[in-house]
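For reference, the chains in residue letters:
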Amino acid sequence: MAKLVMTEDETMLADSARGFLDSEAPVKALRDLRDAGKTHDAALWNKMADMGWAGVLVPESAGGSDMGSAAANVLAHEMGKTLVVSPFLSTAVIAATALRQVSDARTEAALAKIATGDVTYALAVDEGTKFDPNAVQMTAKSDGNGFRLSGKKQFVVDGGLADRLLVLARTDNGLSLFDIPADRAGVTRDASNMIDDRDAARITFEDVEATGDDLLGTVDQAMDVLRPALQAGQAALAAEMSGLTAGAFGMTVGYLKERKQFGMEIGRFQALQHRAAHLWCEIEVTASAILHAGRMLDHDPENAALAVSLAKARATATAQLAVQEGVQMHGGIGMTDAFDMGFYMKRARVGAEWLGDYSYHAEQVAALRGF
Amino acid sequence: MAKLVMTEDETMLADSARGFLDSEAPVKALRDLRDAGKTHDAALWNKMADMGWAGVLVPESAGGSDMGSAAANVLAHEMGKTLVVSPFLSTAVIAATALRQVSDARTEAALAKIATGDVTYALAVDEGTKFDPNAVQMTAKSDGNGFRLSGKKQFVVDGGLADRLLVLARTDNGLSLFDIPADRAGVTRDASNMIDDRDAARITFEDVEATGDDLLGTVDQAMDVLRPALQAGQAALAAEMSGLTAGAFGMTVGYLKERKQFGMEIGRFQALQHRAAHLWCEIEVTASAILHAGRMLDHDPENAALAVSLAKARATATAQLAVQEGVQMHGGIGMTDAFDMGFYMKRARVGAEWLGDYSYHAEQVAALRGF
Amino acid sequence: MSGNQTVEAFRAELRGWLEDNCPQEMRDGGMSEDAICWGGTQWTFSSSAQKDWLERAAAKGYTVPTWPVEYGGAGLNREEEKVFHEEMARINARSPLQSFGIWMLGPALLHFGTHEQKLHYLPPIARGEIRWCQGYSEPGAGSDLASVQTKGADQGDHWLVNGQKIWTSYADKADWIFALIRTDTDAPKHKGISFLLIDMNDAGVETRPIKMISGISPFCETFFSDVKVPKHQIVGEENRGWDVAKYLLTHEREMISGGGAGLSGGGRELGAILAESAGEDGLTDATLRADAMRCEIDALAIGLTLERYKDQSEAGQGAGDASAMLKYMGTELNKQRHELLMNAGGSDALEWDGPLGNRAGDWLRTKANSIEGGTSEVMLSIVSRRVLGLPG
Amino acid sequence: MSGNQTVEAFRAELRGWLEDNCPQEMRDGGMSEDAICWGGTQWTFSSSAQKDWLERAAAKGYTVPTWPVEYGGAGLNREEEKVFHEEMARINARSPLQSFGIWMLGPALLHFGTHEQKLHYLPPIARGEIRWCQGYSEPGAGSDLASVQTKGADQGDHWLVNGQKIWTSYADKADWIFALIRTDTDAPKHKGISFLLIDMNDAGVETRPIKMISGISPFCETFFSDVKVPKHQIVGEENRGWDVAKYLLTHEREMISGGGAGLSGGGRELGAILAESAGEDGLTDATLRADAMRCEIDALAIGLTLERYKDQSEAGQGAGDASAMLKYMGTELNKQRHELLMNAGGSDALEWDGPLGNRAGDWLRTKANSIEGGTSEVMLSIVSRRVLGLPG
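Residue numbers (the UniProt record's numbering), protein chains in the order written: chain A, 1 to 371; chain B, 1 to 371; chain C, 1 to 392; chain D, 1 to 392.
Same shape as in the complex, but just chain A (with noise of 0.2 Å):
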């Protein structure tokens, strides 16, 4: 197994990452964009992919770097770090994974469009307001050589701006996964105010026309399929909850250095201190975890269930903390919106439901752990 340590390559990467965030995607582009009434900066997104981020996990046979899973973890830490708003995960990671499992020329034309950021998706999983792959109910009858689909989703992240969709249904036998347009007749999406001013939808499918071209992989087996997606997607998810604590923990060490109540730096307080120590333990452990989900993924990906879920996880749990923990030692200031400290607590929160919550990954660790 690779080693528990960042690689030069992976220190490198995320070095010129933050550079280019810093300048292009501070906290302050998703407060504009939310000013101005928007969830996407397409803009951004083409320069992402001219930096190749959009093809990170993209074969180099289609045009992308190939350059694996803890790398787009690297990338979506960074991302994490300042909130950046982009369809990174839905598509470059998510997307990319899923149509990768299937190699023909249909998905090779479209991981080539992905990793010049031609086009962008949504995964369309929930109906309820858990995550459960298999408690899906909406279906796909068979019609002649295709397939209908009917029924309703929630929670599609990016499903607002997406181009296409990655749709899960329930065929005769299983389930099954299609890759069809988003603009398809029958669809309509029903943007959802998201707390965290990032895209997402509720989408009704109404007798919506599938071709079995639509199908991506085999017909009532969509977790061949789905299942690596799903296991990139919330390492991602974890890096960038990581990240996200990252930054909210180094606003709040900031300011228990620099704030002074009672004649004194509130950071000579040792219950602060203690608290703020100890934060900083939950966030190094839950480093481990995220870099080891990378290293699974990339070098056993059949046996990384249990590192993908104990990533997201702790992340879930000590993103929760951190931004908890924001708030209050921040006082008062910390629950106005002219600070950011708002922003990353309902990242934070939307980000500990998405593709499974603490609890549904715990389970999932109970399981694979025989208790």
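Bear in mind the hints are in silico, worked out from the structure with no lab data behind them. Be careful, since some hints might not be right.
In silico lysine to aspartate or glutamate, EDC-like type, Cα no more than 20 Å apart, as pairs [what the hints assert, rightly or not]:
no., chain 1, residue 1, chain 2, residue 2
1, C, Lys-211, A, Asp-35
2, B, Lys-3, C, Glu-86
3, A, Lys-3, D, Glu-86
4, D, Lys-211, B, Asp-32
5, D, Lys-151, D, Asp-184
6, B, Lys-3, C, Glu-8
7, A, Lys-47, A, Asp-118
8, C, Lys-231, C, Glu-116
9, D, Lys-51, D, Glu-25
10, A, Lys-257, C, Asp-144
Cβ-Cβ distance ranges computed for the label pairs, FRET-style [claimed, not checked]:
no., chain 1, residue 1, chain 2, residue 2, range
11, D, Ile-91, B, Arg-31, 41 to 51 Å
12, B, Ala-338, D, Leu-160, 23 to 33 Å
13, D, Glu-314, B, Lys-257, 40 to 50 Å
14, A, Gly-37, D, Glu-314, 50 to 60 Å
Note that CB positions come from ideal geometry on N, CA and C, so glycine has one too.
We have chain A already, so just place chains B, C and D on it with the hints.
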């Protein structure tokens, strides 16, 4: 409903109990008993009986003082402070409450003997590792006019010293409660070497004869008699645990004020201050739940289930926190047998399990609150 | 008639009155921001039912049931007050009026005010005519509330007030403000503050709303530039305003802690809300279930503690610094409860005005609970020093 | 041959050796107090298998697999060491020998000792012939480890040592002690301490066991009265013993934290132990299940963190003060895990030597984890100051 405030009578009872126990049963009494290899001090129990404590729940007609559950809780709380060893809960609270549910000459006589300290009781319910009366498998098979009891009980607190046993067993159509002498043929008692140095036993019943007279209450309807007894016992145990919590907390705060490290009292360290303050807050909140349980048992016993489970759950959680913080804040000395803190920790652990652990009572609360 | 009979007679009478007077639309148990009637000159009733309900309740003194009748209340004693809340809850009645005047200024005036002040200020509060806000905090002061910089210069018959307040709740919608003003700049920090009542319509008073992370602006910055405040508009003695502030802080802490107490309406809903999120077999998610049970246990026990302290205080046993405890425990619990509700709500809770209404906004709002009215850290330090007697 | 091939060749060879040499009775994964072989002159083997296993392992250097061959080790590199632990775990082999000599003194000597000292002291440790104990703490010193009062008076060729140590683990069963002794009483606290090696058989050394709350006496008080310690029995320089102590403290913290890491044998058992306590439907108790899942997640992640720091340190990226973090997280987790195991065990866990063996004793033992080797509070303060750079 009576007020949630200690009455003058209750305050006086507490004061007089404290005065007696400080001289007759400080923690050292437990230590001496343990060092002597004993689990019971009959002389102490006789003195308590002389003070009327054994009859605190015995009707006046049977020679008791009939002071009610809140008063019993006051006594239990004071006993908890110095980890008093006595059959108070098993005999004066649980058995007395069970016996007074049935009005006849036999129970009247038994109650009179409890009040004078001439008989001790133990309650034999548990068969597995967790408290669960409904899971009882021990059988009491009809045999002519009587029954034959077969099965095993464990964690019978005071089961080694008790003169008589209240035994829960399964009859043809439900559960029944038997009141039999502990030395009846077929009863084998194996002392449990308890971590809190108190009396407890594993008891085997091999074809033990019981007559109709040995039945307490109606056949198949044990819960009519047992439920009030359990509730009184659970509330008094919660009170005892709140007493031990107070004892451990008092030691800890005293130590914080006196112990110096790095040139100052450790009680000046804000991190410890906040933890001690948090613990005090928890203790105060738990005190309300215990007072409330006593009031409900005395004034509205039919509806006391929620109050009792609330008290036992809170008392359990608070006691664990108090002893854990107590040991940690005392440092190495708190880990030595020569110091008393370990006795508190061990008693808290046993109290946590007896008559239903946190989880058991939390589930009762959830059921009563509709989720 | 025994005390118990009197109380039961009151219950019967009240039940009849509620039946006749509480409009059906006001019987939905509404607790959300929208459902609240705040009153004041800028107030617009959301329905005629809301207006009727306020007027009928105010006529009986039921907007401030425990205040003396001469000041607009119903003069209920403690037992009757309990019955009042029980009967209101029984029919799920909304509170006819809520306001800082009722919660904060009223108690302060009842304790420190002159008879004239009470007669002048209290009835308009009880009738919902005048809305008050609170001016304590100042920019940068944070937990150090007594570091008041806003100055009142003595001009004989009035003070000339200059300075700035922050976190003034709904100052933009209020008619009057009660504020801590430094009237002696030479005295020690706590000794030169006065508790003044200021008309928001006076020249020189300006407000600017602060947008919060929940997207709304319940707080404002409030600026005073050469505002003239007549000398009779002081509560308590000159330079002794900190006494009034402390009294109100204690009161406020108890009030804020009550929000998490579980015996109030909001608390009683927890089980029901969770049941909604649960499947047919109940709440089977182990993590959520464990958290919910702990929250429910703690909420009930904190509720009982509020009850116990009220009983103690009635029995003449002061609760003392216990209000710091209640504030700490109540607000921390309330935050946990709302985390739990967000968790239970899943993705439905992640939208503004989504299927679960304002659940996210309510959640974010609770984060201020452990900051406003004294932070949790300040509360713990108070307990540590004053209750436990730890050095420092 | 590539590195990987070398490693796999080593694995095959080791597997064969273990098959031939590890007695069946030593393949029960025994981790309890009874199962440990501590060695030393007072040692009595519990079985001939235990003796055989120690002797065979020592002959191959497998009691201290990473130590150089000339000092009694097997000279394994990091990769091989991992393979070694994997193969040992595969057959559930007990550790052939554990000792403070291996954990503590060995690393100190390897880092600070002279070649002669290494040759003299290390091989008897590796063979389990000499058992060591540690003499750091003194009565009343608590977390302030550098407040060493035990004095070593310079007598030319030796120091004359007088004073008292506490918390000396198994001093009554040890042959030698490594101790911090104040050899310069005028220097600042950290600058006058030397790290001395003392023969417990010397005249003037006495020990008295301390009974702990778990009923056993793993610690002693150790008294020194006019004990002569030759000058060559010092590790590192005179008055620079604090450097050695700090090095070992860091090492000790990592070691103690490892106990809670979940990737070690004890951790791997958690799921199995819980499964035992569970019914047919698995662990359905919501509270216990939620706690168990959190514990398992944290244990695995802390284990990965140990791994990560080892990898970092191999890659030349120092872990620095991270050992304080590992110590804090590992020991706090271990305490929680044992609370959980007590909870899962129910009343069976409440008896000394009951159906669950020494579960209660093990539980009580863990309470010392967050005290010994630097309390959790000291660890947090280290992180706060050295890692986060907070003032104070």
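Verification of the hints:
Between C:Lys-211 and A:Asp-35 the CA atoms are separated by roughly 13 Å; this keeps the pair inside 20 Å, and the hint holds. The straight-line distance between the Cα atoms of B:Lys-3 and C:Glu-86 is roughly 17 Å, inside the 20 Å bound, and the hint therefore holds. With a C-alpha separation of about 17 Å, the suggested pairing of A:Lys-3 with D:Glu-86 holds against the 20 Å cut-off. For the hint linking D:Lys-211 to B:Asp-32, the alpha-carbon distance of about 15 Å falls within 20 Å, and the restraint holds.
Our distance criterion of 20 Å between C-alpha atoms is met by D:Lys-151 and D:Asp-184, whose separation comes to about 8 Å. With a C-alpha separation of about 18 Å, the suggested pairing of B:Lys-3 with C:Glu-8 holds against the 20 Å cut-off. As the CA atoms of A:Lys-47 and A:Asp-118 are separated by approximately 12 Å, the hinted pair is consistent with the 20 Å bound. Proposed proximity of C:Lys-231 and C:Glu-116 is supported: the alpha carbons are some 14 Å apart, at most 20 Å.
The straight-line distance between the Cα atoms of D:Lys-51 and D:Glu-25 is roughly 11 Å, inside the 20 Å bound, and the hint therefore holds. Between A:Lys-257 and C:Asp-144 the alpha-carbon distance is near 18 Å, which keeps this suggested pair within the 20 Å criterion. Between D:Ile-91 and B:Arg-31 the beta carbon distance is about 46 Å. The supplied range of 41 to 51 Å therefore holds. Range check, B:Ala-338 to D:Leu-160: about 31 Å between beta-carbon atoms, so the 23 to 33 Å window is met.
Taking the beta carbon of each, D:Glu-314 and B:Lys-257 are about 48 Å apart, inside 40 to 50 Å as hinted. For A:Gly-37 and D:Glu-314, the Cβ-Cβ distance of about 51 Å falls inside the hinted range of 50 to 60 Å, so the restraint holds.
When each numbered hint is compared with the structure, no violation occurs for any of them.
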